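**Q** The residues making up each chain are set out below.
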Amino acid sequence: MIGKFGLEKNLSEEKKALLLKQLERPPLVLNKRNYGWLTEAICSIVEKPAKLEWWIAFLLSFLLSLLLPLTIVYFISTGLGVWGLNSPVFWGLAILNFVFWIEIGHAGTLISAILLLTRQKWRNSVNRAAEAMTIFSVLCAAVFPLFHIGRQWMFWYLVPVPESYAVWQNFRAALLWDEFAVGTYFTVSCLFWYFGLIPDIAVLRDRAEKGWKKRLYHILCWGWSGSATEWHHYELGYLCLGGIATILVVSVASVVSTDFATTVLPGWHETIFPPDFITGAIFSGFAMIATLLIPLRTLYPQLKDVITPKHIDNMARIMLATGSMVGYSYIIELFVAWYSANVYEKYLFLNRIFGPYAIAYFLMFGFNVFLPQLFWWRKIRSSPWAVFCISILINVGMWSERFVIVVTALSRDFLPGSWRMYYPTWVDIGLFVGTVGFFFMLFLLFTRFFPVISISEVKTLVYEMERKEYDLKKGTLYGA
Amino acid sequence: MEPERTEDIYGLGAEFDSIHKLMAAAMELSKLGYTQWEVYSPFPIHGIAHVRRLGKSKVSLFSLVGGLIGLTIALVMVTAISAPRPSFFKEVLSSHLQGLFYPLVVQGKPYLGFQAFVPVLIEMTILFASFSTVIGVLFFNRMPSPYKSVWNWERLSQKAMDDRFFLVVENADPHFSEDKTKLILKQLGAQAVVSIRR
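Protein chains in written order, with the numbering used here: chain A, 133 to 612; chain B, 563 to 760.
Hints are not guaranteed to be accurate.
Facing chain A, according to a computed beta carbon distance under 7 Å, are these residues of chain B, among others [unchecked claim]:
hint	residue
1	SER625
2	VAL627
3	THR695
4	MET705
5	GLN720
6	PRO736
List of simulated lysine to aspartate or glutamate pairs, EDC-like, C-alpha gap at most 20 Å [as the list claims (entries may be wrong)]:
hint	chain 1	residue 1	chain 2	residue 2
7	A	LYS345	A	ASP603
8	B	LYS710	B	ASP741
9	A	LYS345	B	ASP579
10	A	LYS148	A	GLU601
11	A	LYS253	A	ASP445
12	A	LYS346	B	ASP724
13	A	LYS164	B	GLU716
14	B	LYS721	A	GLU172
15	A	LYS342	A	GLU179
16	A	LYS600	A	GLU172
17	A	LYS147	A	ASP445
18	A	LYS164	B	ASP735
19	B	LYS583	A	ASP310
20	B	LYS618	A	GLU601
21	A	LYS342	B	GLU716
22	A	LYS511	A	ASP603
23	A	LYS180	B	ASP724
24	B	LYS744	B	ASP724
25	B	LYS583	A	GLU477
26	B	LYS620	A	GLU367
27	A	LYS600	B	ASP579
28	B	LYS583	A	GLU596
29	B	LYS721	A	GLU145
30	A	LYS600	B	GLU716
31	A	LYS606	B	ASP579
32	B	LYS721	A	ASP603
33	B	LYS583	A	ASP603
34	A	LYS605	B	ASP579
35	A	LYS346	B	GLU716
36	A	LYS164	B	ASP579
37	A	LYS345	A	GLU179
38	A	LYS342	B	ASP724
39	B	LYS744	B	GLU732
40	B	LYS618	B	ASP725
These are calculated hints, taken from the structure and not from any lab test. In this text the structure is predicted, and so the values were computed from the model without any measurement. Glycine included, every Cβ here is placed at the ideal spot set by N, Cα and C.
Construct all of the structure, not just a fragment, from the sequences and the given hints.
**A** Okay, structure coming up:
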């Protein structure tokens with residue numbers, strides 16, 4: 133039908149209406165907003181004084197984040213014995229939280245890089261917040277291995293610096309993989325985020341009234357002017373960075389999962405880990421971005437035209453798909469445990485289901501596999517607050533999954549004589565709660581300093597809608 | 563302030579309120595043989611690069627070369643650190659590179675266990691490729707550029723990244739003539755045409 137219409141130059145009104153209906157997709161920017169409105173709506177979040185709700189949220193997250201310096205000073209001065217770690221659980225809450233945060237970060241890169249490569253236009257209004265989420269969650273993740281090493285002041289031994297006594301790293305060690313993977317991930321995420329920010333900082337510069345602000349933004353955007361040449365090179369650069377970041381996110385998730393998979397411990401020694409970690413990362417990250425964006429668009433109602441119900445619907449769909457994939461890998465794990473006929477492997481899974489930590493297993497299964505199934509219903513997908521509540525529970529579920537992987541597997545290994553229960557202490561929990569506060573605090577600060585939505589990329593969406601309308605008015609097919 | 567002498571003029575700026583008008587004007591200018599002109603817009607306009615005859619951007623070359631440099635550095639790093647000192651170096655450079663070559667036997671793994679090196683090699687490649695991509699964009703765009711003459715036009719400096727579209731024909735263009743070009747731009751549907759001082 134569409135092809136047939138495309139050949140005709142002058143369309144009758146009837147055919148035009150039919151064509152319009154056929155081509156119709158939910159618009160990604162509502163209420164036919166124009167460019168000027170978008171600039172004003174997004175920049176005003178940065179430029180106007182903060183709202184009272186913002187201050188309340190900031191104060192709360194700031195108070196929570198104070199737990200971070202408090203616990204860190206306490207356990208550095210007393211020693212890591214105040215963590216609940218003991219033989220055989222040497223990887224407790226710390227590594228669990230590391231994996232939890234780093235996997236949340238992955239979805240940020242995924243939204244901005246992989247959805248860019250696959251030309252998913254709805255990413256344009258959520259990618260900036262997602263990239264910021266990546267950086268902040270990687271920062272939170274980095275806290276844990278950094279302090280888990282025990283002698284924090286010798287951390288720099290991980291970095292290959294030519295120093296006078298020539299002691300070098302062992303590049304075959306998983307610790308070095310982590311250091312390079314997470315280090316690169318953090319650096320490149322910052323670069324990708326900043327690179328995407330350059331044109332938007334130029335917007336802020338053009339609007340700035342105070343001289344020092346204008347100068348600062350001018351330096352930060354490297355003197356961006358928005359010329360066709362600049363956009364030409366910038367667009368290809370952004371695409372290349374997207375491609376590079378895609379490889380990066382897959383490699384980092386694989387490296388983190390391989391830390392587990394290269395050991396001989398039942399429950400860890402599994403080839404399914406790298407793909408499982410990637411789907412889990414996408415799943416938990418989308419849950420976190422929904423947790424961040426839904427309150428954000430409530431706080432700043434003008435954003436509701438940019439972060440539309442369609443966006444929330446798409447995120448819910450991805451959570452449904454990845455949640456089901458995660459469920460599939462849980463079932464495959466169970467199957468392999470039975471099919472392998474390995475007594476240790478079998479026992480481990482029985483222990484996960486019926487053992488002392490069974491609650492974590494059921495939270496994991498319930499929140500990660502069964503709960504997202506609610507997203508089959510359009511009614512639930514179209515209710516932002518239902519999506520918000522489910523996304524928070526999904527994050528609880530994903531945290532439980534890390535608990536099941538790390539703690540349940542370690543606490544009962546080959547020799548029953550060495551079994552011991554692991555209970556996190558208040559220091560462990562305080563450190564984790566501190567990072568949660570730190571994460572939200574950084575995100576709130578970010579909304580006040582840089583445009584939380586990519587202005588130039590959303591404008592391209594508006595332009596496309598305009599062009600579509602223009603073409604229809606002229607009677608030619610869109611894009612022809 | 564309007565410049566008085568022709569030498570003081572950087573070029574003529576035209577403001578448009580829609581992309582369709584801008585595109586039409588750009589195509590017309592290009593047909594008339596103008597080469598030294600530039601378009602300023604708040605977001606990338608697809609197709610304008612073709613009209614501007616910009617050709618394919620070579621930023622991707624930077625990504626590739628940067629990645630290869632990163633891979634090479636990483637290969638040299640892991641090899642020179644993990645392998646025993648080659649006998650060649652012992653004879654020629656007995657006193658040099660003393661700090662390098664630190665062969666460790668860990669878990670009976672070979673000195674050069676390349677499977678275990680893969681994560682480090684990949685990450686170093688990615689790190690260098692992404693930085694060189696950004697450097698490539700900055701290089702081709704001649705950034706940082708703290709001063710550009712077009713910003714002497716107040717309107718452009720305020721609206722070019724907001725909701726207006728600008729076309730600037732430079733004085734350097736062989737076809738440039740203040741009156742004639744101004745007339746052409748006005749005929750092409752520009753809302754305002756202004757001489758921009760250098």
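**Q** Now look at each hint and say whether the structure bears it out.
**A** Each hint, compared with the structure:
no. : hint                  : result
1   : SER625                : holds (4 Å)
2   : VAL627                : violated (12 Å)
3   : THR695                : holds (5 Å)
4   : MET705                : holds (4 Å)
5   : GLN720                : holds (6 Å)
6   : PRO736                : violated (19 Å)
7   : A/LYS345 <-> A/ASP603 : violated (41 Å)
8   : B/LYS710 <-> B/ASP741 : violated (23 Å)
9   : A/LYS345 <-> B/ASP579 : violated (28 Å)
10  : A/LYS148 <-> A/GLU601 : holds (11 Å)
11  : A/LYS253 <-> A/ASP445 : holds (14 Å)
12  : A/LYS346 <-> B/ASP724 : holds (16 Å)
13  : A/LYS164 <-> B/GLU716 : violated (29 Å)
14  : B/LYS721 <-> A/GLU172 : holds (12 Å)
15  : A/LYS342 <-> A/GLU179 : holds (11 Å)
16  : A/LYS600 <-> A/GLU172 : violated (24 Å)
17  : A/LYS147 <-> A/ASP445 : violated (30 Å)
18  : A/LYS164 <-> B/ASP735 : violated (39 Å)
19  : B/LYS583 <-> A/ASP310 : violated (53 Å)
20  : B/LYS618 <-> A/GLU601 : violated (29 Å)
21  : A/LYS342 <-> B/GLU716 : holds (16 Å)
22  : A/LYS511 <-> A/ASP603 : violated (34 Å)
23  : A/LYS180 <-> B/ASP724 : holds (18 Å)
24  : B/LYS744 <-> B/ASP724 : violated (24 Å)
25  : B/LYS583 <-> A/GLU477 : violated (69 Å)
26  : B/LYS620 <-> A/GLU367 : holds (11 Å)
27  : A/LYS600 <-> B/ASP579 : holds (17 Å)
28  : B/LYS583 <-> A/GLU596 : holds (16 Å)
29  : B/LYS721 <-> A/GLU145 : violated (37 Å)
30  : A/LYS600 <-> B/GLU716 : violated (32 Å)
31  : A/LYS606 <-> B/ASP579 : holds (19 Å)
32  : B/LYS721 <-> A/ASP603 : violated (26 Å)
33  : B/LYS583 <-> A/ASP603 : holds (14 Å)
34  : A/LYS605 <-> B/ASP579 : holds (18 Å)
35  : A/LYS346 <-> B/GLU716 : holds (14 Å)
36  : A/LYS164 <-> B/ASP579 : holds (17 Å)
37  : A/LYS345 <-> A/GLU179 : holds (11 Å)
38  : A/LYS342 <-> B/ASP724 : holds (18 Å)
39  : B/LYS744 <-> B/GLU732 : holds (12 Å)
40  : B/LYS618 <-> B/ASP725 : violated (27 Å)
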